[in-house]
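K.L.:
Chain by chain, the residues run as shown.
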Amino acid sequence: MSALTREETEALIQEVLEVYPEKAKKDRAKHLAVNDQAVEQSKKCITSNRKSLPGVMTIRGCAYAGSKGVVWGPIKDMIHISHGPVGCGQYSRAGRRNYYVGTTGVDTFGTMNFTSDFQEKDIVFGGDKKLAKLINEVELLFPLHRGISVQSECPIGLIGDDIEAVSKKGAKEIGKPIVPVRCEGFRGVSQSLGHHIANDAVRDWVLDARDGAPFESTPYDVSIIGDYNIGGDAWASRILLEEMGLRVVSQWSGDGTLAEMEKTPKVKLNLLHCYRSMNYISRHMEEKYGIPWLEYNFFGPTKIAESLRAIAAHFDDKIKEGAEKVIARYQPMMDAVIAKYKPRLGGKTVMLYVGGLRPRHVIGAYEDLGMEVTGTGYEFAHGDDYDRTIKEMGNATLLYDDVTGFELEEFVKKLNPDLVGSGIKEKYVFQKMGIPLRQMHSWDYSGPYHGYDGFAIFARDMDMAISSPTFKNLVPPWKKKSETEELKKAA
Amino acid sequence: MANIMVRKDATGAYSFYLPKRDLEDAIVSMEFDTPDKWGGEIKLNNGGAYYIEPQAIPARFPISLRAKRLDAAE
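Chains as they are written, first to last, in the numbering used here: chain A, 1 to 491; chain B, 492 to 565.
One chain only, chain A, in its complex shape:
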């Protein structure tokens, strides 16, 4: 389907907004926009990071999800206590596919759920005693853990428990760091504030632990920040950096450890993949330790080559040569991948609706395959994310912020893309409508998608989804109008 003109897209937004009551319509109109690359500042065309409208279907998470699920959760050798009722931790356990190496339950704890399981009496009398007991139990049962984080759920803030005091006391008793995180779910409008709170907790409780400690550094030390190793993403990124001659000191936080976090202030450059969730700590390290940071994008060969060169520009000629060597080595493989899939995928359109980074990062990868992104939107991005997105997206494409279930369905019906990239909550809605969907949060149980190796998998997966014959057979034969020809072919 050919792209819409600016007027058509604007008309589409108006048409979709028509069903809302006056007040809701006014509010939602601010979150929907037609992209215009000439606009310098996103806030002139789109509002973001605002409270979702009550009564509409949003797919945002909460601050606890942002802290425990995103930033802290993947630190594998720490035990993350979901402090509060049991559900928050249990229903989000092990669903994110952030891979790690280690023996779960012995020295790593990534997919396990630890909770203080609040009962009525804990709400009435406070849960501090229970937390203190829990810390001792954890130490007894899992002696190889390297530290504990206390991830608050909503009731902790409501009843005013002093988890900081308990943590300090507990840390003295067991001789390991305990980090209290005030990430109660009711804070903020989305998981985005949870990222910020988690970053602040890292800053206050972890980052300065090894200041002044000896460290054998090299001029090529870097850290990967904001790569959560979904399906092995961070590993696919890491090998490229190491191949060009850099030393990756730490990975945040996919397959990361507490020791790696503590050593991060020793690096020479912070490489920031997920800007939305980790820019806070990068800014802090830039100020306190003078470590510059750089945003990079490892989706699709064009962006990878661009990023590798930008990273190498921070180092000497040895690394610059290394980067060119890496690009030269992988480019033929990528050309083969593109030669294979571009004829099958070229000209297809895709609509995205993901979290805080991928709606703009994966555009390059789709374009490498000859596909076109006709609409994109974030769950919880801020203005600066949209500033960056406007440049990546084509003119007159659709932008939607914190889109509601209804709006997204209507947009997809009208734009009729060949593929939708979103999450599990959208998946079956659209597949039942006959449009293939790939989950772009968990890579639909595939991955990695980062790096050169990831692109080959990405291309294969997109082809599998789009070229699947399933979606042509959703309309039963007797309801098809004039496909006698097609029926013959199918038979």
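Worth flagging that the hints you see were computed from the coordinates, not collected in a lab.
Check the hints yourself; a few may be wrong.
[Claimed, not checked] Chain B stretches covered by chain A per the calculated footprint, using a threshold of three residues with CB under 8 Å from any CB of chain A:
(1) 508-519
(2) 551-558
[Said to hold, decoys possible] Computed cross-link-like contacts, DSBU-like style, restricted to lysine-lysine with a CA-CA straight-line distance of at most 35 Å:
(3) K268(A) x K528(B)
(4) K528(B) x K320(A)
(5) K268(A) x K172(A)
(6) K499(B) x K263(A)
(7) K559(B) x K268(A)
(8) K288(A) x K534(B)
(9) K391(A) x K511(B)
(10) K342(A) x K479(A)
(11) K511(B) x K26(A)
Cβ atoms here follow ideal geometry from the backbone N, Cα and C, with glycine treated the same way.
Once you have looked at the hints, place chain B on chain A.
P.N.:
Quick look at chain B alone, frame taken from chain A:
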């Protein structure tokens, strides 16, 4: 009063960051920008204005400062 961070971007221009609101923007004008007097009224690209107590130029950037909001953009 708000905590802000002033940093120099790759081209050497000042940029402004307000952590509380996650607001990142370019500084288009600064009242004083000499080695011994630096700060004063700063204007942002989005139309906002803040006031930093004039001081000697910070030894290194980025730096966190207290600033008074004169005119918010939103």
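K.L.:
Would you mind marking each hint as holding or not holding in the structure?
P.N.:
Outcome of the hint check:
1. Figure legend: the segment 508-519 of chain B, annotated as covered by chain A; annotation consistent (5 residues with Cβ-Cβ distances under 8 Å, at least 3 required).
2. Residues of the segment 551-558 of chain B lying with their CB closer than 8 Å to a CB of chain A number 4, which satisfies the three-residue condition for coverage.
3. Between K268(A) and K528(B) the CA atoms are separated by roughly 31 Å; this keeps the pair inside 35 Å, and the hint holds.
4. This hinted pair does not check out: K528(B) and K320(A) have alpha carbons roughly 40 Å apart, beyond 35 Å.
5. Only pairs whose Cα atoms come within 35 Å are accepted, and K268(A) paired with K172(A) is accepted, the gap being roughly 33 Å.
6. For the given pair, K499(B) sits about 25 Å from K263(A) by alpha-carbon distance, which is consistent with the 35 Å threshold.
7. Taken as a hint, the K559(B) and K268(A) pair is honoured in the structure, with Cα atoms around 34 Å apart against an allowance of 35 Å.
8. Between the alpha carbons of K288(A) and K534(B) the distance comes to roughly 25 Å, so the proposed pair stays at or under 35 Å and holds.
9. Only pairs whose Cα atoms come within 35 Å are accepted, and K391(A) paired with K511(B) is accepted, the gap being roughly 26 Å.
10. Taking the CA atoms of K342(A) and K479(A), the gap is about 33 Å. The hint holds against a cut of 35 Å.
11. A distance of roughly 26 Å separates the Cα atoms of K511(B) and K26(A); the hinted pair therefore holds under the 35 Å criterion.
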